[in-house]
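A.B. asks: Chain order of the listed sequences is A and B.
Heads up: the first sequence begins at 7 in this note's numbering, then just goes up one per residue.
Heads up: the second sequence begins at 303 in this note's numbering, then just goes up one per residue.
Derived from the structure by calculation, the hints contain no laboratory data.
Hints may be right or wrong, so weigh each one.
[Said to hold, decoys possible] Take a look, some chain A residues computed to stay more than 10 angstroms from chain B by CB distance:
1) Asp91
2) Asp102
3) Ser112
4) Val118
[Stated by the list, open to error] Just so you have them, the derived chain A footprint on chain B, three or more residues with Cβ under 8 angstroms:
5) 359-372
6) 399-411
[As the list claims (entries may be wrong)] Beta-carbon label-pair distances, calculated as ranges:
7) Thr117(A) with Asn359(B): 18 to 24 angstroms
8) Glu59(A) with Thr347(B): 24 to 30 angstroms
9) Ser310(B) with Arg21(A): 33 to 39 angstroms
10) Gly107(A) with Val380(B): 20 to 26 angstroms
11) Gly362(B) with Arg63(A): 47 to 53 angstroms
12) Arg63(A) with Ser371(B): 28 to 34 angstroms
Positions of the beta carbon are idealized from the N, C-alpha and C atoms, including for glycine.
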Amino acid sequence: ETGVTQSPTHLIKTRGQQVTLRCSSQSGHNTVSWYQQALGQGPQFIFQYYREEENGRGNFPPRFSGLQFPNYSSELNVNALELDDSALYLCASSPDRGLGGYTFGSGTRLTVV
Amino acid sequence: DQQVKQNSPSLSVQEGRISILNCDYTNSMFDYFLWYKKYPAEGPTFLISISSIKDKNEDGRFTVFLNKSAKHLSLHIVPSQPGDSAVYFCAASAQGGSEKLVFGKGMKLTVNP
Numbered sequence: 007e008t009g010v011t012q013s014p015t016h017l018i019k020t021r022g023q024q025v026t027l028r029c030s031s032q033s034g035h036n037t038v039s040w041y042q043q044a045l046g047q048g049p050q051f052i053f054q055y056y057r058e059e060e061n062g063r064g065n066f067p068p069r070f071s072g073l074q075f076p077n078y079s080s081e082l083n084v085n086a087l088e089l090d091d092s093a094l095y096l097c098a099s100s101p102d103r104g105l106g107g108y109t110f111g112s113g114t115r116l117t118v119v
Numbered sequence: 303d304q305q306v307k308q309n310s311p312s313l314s315v316q317e318g319r320i321s322i323l324n325c326d327y328t329n330s331m332f333d334y335f336l337w338y339k340k341y342p343a344e345g346p347t348f349l350i351s352i353s354s355i356k357d358k359n360e361d362g363r364f365t366v367f368l369n370k371s372a373k374h375l376s377l378h379i380v381p382s383q384p385g386d387s388a389v390y391f392c393a394a395s396a397q398g399g400s401e402k403l404v405f406g407k408g409m410k411l412t413v414n415p
């Protein structure tokens, strides 16, 4: 399987709710990173998973959490949604912790109302 | 504190001319730099990268120049084509690219026919 696919493409949630975003990485890619891109900004690093273990975290609160599974899929979970969480969430996979480059998915557009 | 800066939000050039996109960084630990292109409703697509041991890397119409002393890099596109119209992100990483990507805010390039 080639490419990185993310689901859903768009999502609307209410403040205080919880959301799970999904990503299917390229086969053989043992590293997945998640980024948040707010409007008019560049992507900001949330965290990275390498072989199912968290391998680095950006400046995001603990209500942002993730999981990586052996089948090259991963999840981003956000609890207690806030209005400022409205953004494009991007998943990127790499064959080896960034060495060899990252392939990005098209993202999930999350709107919190 | 923005570690990667793209100070010009937009650039408009005529088809066939050169496009020059600039990027500045502040973190001396960065040793790997990348340019991504992003179309609306798509994820960022890798364009070209450069390691800090080089000062130039070329791939077809795209050339990236790195000036380590000035902490500055630039992307040259020659000749520019209307299909190059997109948002371009500069990104930087440490540890040879195995660390998280730190992105600039992006610059919208418009190439007019």
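A.B. asks: Work down the list of hints and note, for each, if the structure agrees.
C.D. replies: Tested hints:
1. In this structure Asp91(A) is separated from chain B by more than 10 angstroms, as the shortest Cβ-Cβ distance comes to about 19 angstroms.
2. Annotated as non-interface, Asp102(A) brings its C-beta within 10 angstroms of a C-beta of chain B; the closest such distance is 8 angstroms.
3. The claim that Ser112(A) is not at the interface with chain B is violated, since a C-beta of that chain comes within 10 angstroms of its own (minimum 5 angstroms).
4. At roughly 20 angstroms, the least C-beta separation between Val118(A) and chain B is larger than 10 angstroms, which holds for a residue marked as non-interface.
5. Check on the segment 359-372 of chain B: 0 of its residues sit with their Cβ under 8 angstroms from a Cβ of chain A, so the three-residue criterion for coverage is violated.
6. Given as covered by chain A, the segment 399-411 of chain B passes the check, having 10 residues with a CB less than 8 angstroms from a CB of that chain where 3 are the minimum.
7. Between Thr117(A) and Asn359(B) the beta carbon distance is about 39 angstroms. The supplied range of 18 to 24 angstroms is therefore violated.
8. At about 28 angstroms, the beta-carbon gap between Glu59(A) and Thr347(B) stays in the expected band of 24 to 30 angstroms.
9. Remark: the range hint 33 to 39 angstroms for Ser310(B) to Arg21(A) is upheld by a beta-carbon distance near 35 angstroms.
10. Checking the proposed 20 to 26 angstroms range against Gly107(A) and Val380(B) shows it holds: the Cβ atoms sit about 23 angstroms from each other.
11. Look at Gly362(B) against Arg63(A): about 37 angstroms separates their beta carbons, and that is not inside 47 to 53 angstroms.
12. The hinted range of 28 to 34 angstroms is satisfied by Arg63(A) and Ser371(B), whose Cβ atoms lie roughly 32 angstroms apart.
Consistency with the previously given hints fails for numbers 2, 3, 5, 7 and 11, ordered from lowest to highest.
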